[in-house]
Amino acid sequence: MQNEIICICDKLILKEIVGKVNAAEGFAVLADETTDIATKEQLTLCVRFIDNNNMVNESFLQFVIIHSLTGNDLASAIINGLKSCGINCEYLIGQGYDGASNMSGKYKGVQAIVREEYPKAIYVHCAAHTLNLAVSKASNIQPIRNCLSIIEKLYDFFNTPKRNNVLLNCIKNANETPNAKTLKRLCATRWIQRYDAVNDFAELFPFVMDALDNISISHDLSGTDASILSKSIDSEFIISLQVVKLLFSYGLPLCKQLQKIRIDLKEAVELSNDVIKNLELIRANAEEEFHKLFLQAEVMASVFELELAVKRITKRQANRGNPCSDNANLDVEEYYRITIFIPYLEFFISELTERFLSHASIFNGSYLIIIKL
1 MQNEIICICD KLILKEIVGK VNAAEGFAVL ADETTDIATK EQLTLCVRFI
51 DNNNMVNESF LQFVIIHSLT GNDLASAIIN GLKSCGINCE YLIGQGYDGA
101 SNMSGKYKGV QAIVREEYPK AIYVHCAAHT LNLAVSKASN IQPIRNCLSI
151 IEKLYDFFNT PKRNNVLLNC IKNANETPNA KTLKRLCATR WIQRYDAVND
201 FAELFPFVMD ALDNISISHD LSGTDASILS KSIDSEFIIS LQVVKLLFSY
251 GLPLCKQLQK IRIDLKEAVE LSNDVIKNLE LIRANAEEEF HKLFLQAEVM
301 ASVFELELAV KRITKRQANR GNPCSDNANL DVEEYYRITI FIPYLEFFIS
351 ELTERFLSHA SIFNGSYLII IKL
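FYI, the numbering for the sequence shown is 1 to 373, going by full-length UniProt numbering.
I should point out that these hints are in silico values taken from the structure, not numbers from a laboratory. All residues carry an ideal CB built from backbone N, CA and C; glycine is no exception. Check the hints yourself; a few may be wrong.
With a straight-line Cα cutoff of 16 Å, these simulated EDC-like cross-link-like pairs (lysine to aspartate or glutamate) come out [to be verified]: (1) Lys20 - Glu90; (2) Lys181 - Asp210; (3) Lys277 - Glu289; (4) Lys245 - Asp200; (5) Lys106 - Glu117; (6) Lys245 - Asp213; (7) Lys231 - Asp210; (8) Lys120 - Glu90; (9) Lys11 - Glu25; (10) Lys245 - Glu152; (11) Lys292 - Glu354; (12) Lys184 - Asp156; (13) Lys20 - Asp51; (14) Lys153 - Asp225; (15) Lys184 - Glu152; (16) Lys256 - Asp196; (17) Lys184 - Asp196; (18) Lys108 - Asp73; (19) Lys137 - Glu354; (20) Lys181 - Glu203; (21) Lys162 - Asp213; (22) Lys277 - Glu351.
Simulated DEER-style distance windows between Cβ atoms [said to hold, decoys possible]: (23) Ser149 - Met1: 52 to 60 Å; (24) Ser136 - Lys83: 34 to 42 Å; (25) Ser230 - Lys266: 46 to 54 Å; (26) Asn140 - Asp331: 26 to 34 Å; (27) Ile65 - Arg185: 25 to 33 Å; (28) Asn22 - Asn165: 52 to 60 Å; (29) Ala23 - Ser350: 40 to 48 Å; (30) Asn173 - Ile263: 43 to 51 Å; (31) Ile13 - Glu287: 51 to 59 Å; (32) Glu267 - Ile37: 29 to 37 Å.
Modelling step: build the complete structure from the supplied sequences, incorporating the hints.
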């Protein structure tokens, strides 16, 4: 009886959504595939349209079981799913997916196959996913990548009841109580969670170091692992942590805005441009901006009697942006500004600009439409 009531409600809600979509005479389809807890591939099918009050609406339609991830099969699943709900696909004017090749491919991707049948369905890469890709790509700079890798290893290390209790006791016995209580995983796909993980780690850093010291006394494998992790915390890590925390803080508001239901492409482009301008301003004043970070890093390092120092400088280095021996007279602050702060900042700006360029070109095309004659 309960299942029957749920099915009836489902049909009534779906009928109302479909009626609004068809009445709008223009909609975009949003789709993403994922694996459920039973390891079955499912396609999430949603629509985005303008209602009678000129408000943007996003509505979920249904989950579609899929057996193949090729562009052809996914495109068929999307179109058939829309039609099975009663939606008139002649009104399809937009497509929103991630940037995977089977979705965004120029010739055999879902967007290309759908557009062969419905030419008005312009493809727009998910803006929040675009931001996440920009952050991930920029984080490939070696010192930043090493820093994030260590944070992830520390999360894994304390992700057991026994070790986590040691960390909790260090927090409990401290004079100041932090807002964060546990470490978070650096999620590869959720940008907000990634920022929270870095921010919480920075707040819990003193307690993490105390916990590592306590565990390292043990004569078991945990003690050995704790000692190794403690030794990985050096000047480069502390500087990189401060740099990542700063730049992530500029991307966080943008990410939250891009995930709002009623945001449009114009606003998304404008918001991304605002972030890029702010980052360019930081780059123009790199010396002053990095000095603030360096002072914070010195405070963090001084708690553990660690003096910030220049890493070993080599004559030739293929994979790291070390200054050569000709610049061996660089002081510590200047060294890390040149090798970490500026490269990461420039790469971040470049990735944001390049990845949001396609969004801007689509939006700029709307200016060619004659509104009044």
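So, going through the hints one by one against the coordinates:
1. Lys20 - Glu90: This hinted pair holds, its Cα atoms lying about 15 Å apart.
2. Lys181 - Asp210: holds, 14 Å
3. Lys277 - Glu289: Holds: lysine 277 and glutamate 289 sit about 15 Å apart, inside 16 Å.
4. Lys245 - Asp200: holds, 10 Å
5. Lys106 - Glu117: Satisfied, since the Cα-Cα distance of roughly 15 Å is no more than 16 Å.
6. Lys245 - Asp213: This hinted pair is violated, its Cα atoms lying about 25 Å apart.
7. Lys231 - Asp210: Roughly 13 Å separates the two Cα atoms, so the pair holds.
8. Lys120 - Glu90: holds, 9 Å
9. Lys11 - Glu25: violated, 21 Å
10. Lys245 - Glu152: Roughly 15 Å separates the two Cα atoms, so the pair holds.
11. Lys292 - Glu354: violated, 29 Å
12. Lys184 - Asp156: holds, 9 Å
13. Lys20 - Asp51: holds, 7 Å
14. Lys153 - Asp225: Measuring from Cα to Cα gives roughly 10 Å; hence the hint holds.
15. Lys184 - Glu152: holds, 9 Å
16. Lys256 - Asp196: At roughly 13 Å apart (the allowed maximum being 16 Å), aspartate 196 and lysine 256 satisfy the hint.
17. Lys184 - Asp196: holds, 7 Å
18. Lys108 - Asp73: Holds, at about 11 Å.
19. Lys137 - Glu354: OK: lysine 137 and glutamate 354 at ~12 Å, within 16 Å.
20. Lys181 - Glu203: holds, 10 Å
21. Lys162 - Asp213: holds, 15 Å
22. Lys277 - Glu351: Holds. Lysine 277 to glutamate 351 sits at ~13 Å (cutoff 16 Å).
23. Ser149 - Met1: 52 to 60 Å: holds, 53 Å
24. Ser136 - Lys83: 34 to 42 Å: holds, 36 Å
25. Ser230 - Lys266: 46 to 54 Å: holds, 50 Å
26. Asn140 - Asp331: 26 to 34 Å: holds, 27 Å
27. Ile65 - Arg185: 25 to 33 Å: Once the Cβ atoms are compared, 29 Å apart, the range 25 to 33 Å for arginine 185 and isoleucine 65 holds.
28. Asn22 - Asn165: 52 to 60 Å: Once the Cβ atoms are compared, 57 Å apart, the range 52 to 60 Å for asparagine 165 and asparagine 22 holds.
29. Ala23 - Ser350: 40 to 48 Å: Check passed, 44 Å falls within 40 to 48 Å.
30. Asn173 - Ile263: 43 to 51 Å: holds, 45 Å
31. Ile13 - Glu287: 51 to 59 Å: Taking Cβ atoms as reference, isoleucine 13 and glutamate 287 lie about 58 Å apart, which means the hint holds.
32. Glu267 - Ile37: 29 to 37 Å: holds, 36 Å
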